[in-house]
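Engineer: Sequence:
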Amino acid sequence: DYEDVEYFATSEELGQIGAWNISLDKVSGDYIQFHDDDDWLKPSKIERQVELLNREEDVDVAYCGIVSERDEVLLPEKEDLANTTEKILRQEFKRCQTTTMLVESSLLEDIMPLHEFGNVGDLALQIELCQLTEFDFIDRPLVRRMLYHDSSGNSLLNRRKRLELIDYYSEIYDEYPEIKRETLIDVNRMLGLKLLDEKMWSSEAIRSFYTVVKLKEEPDIRDFTRFSSSFLGKKGLRFGDWMYHNYLSKL
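With the working numbering as the guide, the letters of the sequence shown map in order to residues 779 to 1029.
Incorrect hints may appear among the rest.
Restricting the straight-line Cα-Cα distance to at most 27 Å, the calculated cross-link-like pairs of lysine-lysine (BS3-like) are [claimed, not checked]:
1) K992 with K1012
2) K994 with K1013
3) K972 with K872
4) K977 with K994
5) K972 with K994
6) K804 with K820
7) K992 with K972
Everything labelled a hint here was simulated from the structure, so no lab data went into it. Owing to the predicted nature of the structure, the values given are computational and were not obtained by experimental measurement.
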């Protein structure tokens, strides 16, 4: 049915970015559509994004909204375009994900090969692209994505890779010290909670909660509660959260 489509198999598992890196010299055309294996594109997706890219001279990346497997419609936020770089560095550039993007192929020649970041490859791609061009979106759900049957976005590896990404792009983050500080706080908090969700005890979780306390200008009682209770592991954290919600938050 698709005579113009060629499939290139690899001899080993390369990961998302590894597959991107070896694929670039095998593709042709003016645009690149990335695709995850559990997503679906609506028939008009690429056509509408090409029209947008041709219409807006300074824009080389187009993205769109999504529909989840629960039929939730999730659209991009217009406010994100006012401070694209800041949103991307905060790792909060919503709806701009692998399958929702259409990218001018010439840009990818400038930024690839990319460093391997596991399942946060879309975040690395965003950081690279926002240094070179502007983004815009189609305000329609043109991709159907599996959000709730895939836990990779909520995995321990995902949290660790988010920290690795901040370190790898430290020169860019250092230009935005407040954003770097706040993003490190958010990711370390998520990492600490995830570690003690999966493990009974973790020195890494203690370090993560300590980092939150250290980086916050005015740590609150919940930050101190999580840090101190994490020394007792998962049960300690649960008790600390119970104490906070029932007593400490009312002080």
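Engineer: None of the hints should be skipped; say for each whether it holds.
Structural biologist: Against the structure, the hints come out as follows:
1. K992 with K1012: Distance of about 22 Å is within 27 Å: holds.
2. K994 with K1013: 25 Å, holds
3. K972 with K872: This hinted pair holds, its Cα atoms lying about 22 Å apart.
4. K977 with K994: Holds, because 26 Å separates the two Cα atoms, which is no more than 27 Å.
5. K972 with K994: 20 Å, holds
6. K804 with K820: 25 Å, holds
7. K992 with K972: 19 Å, holds
Comparing the model with each earlier hint shows no violations; every hint is respected.
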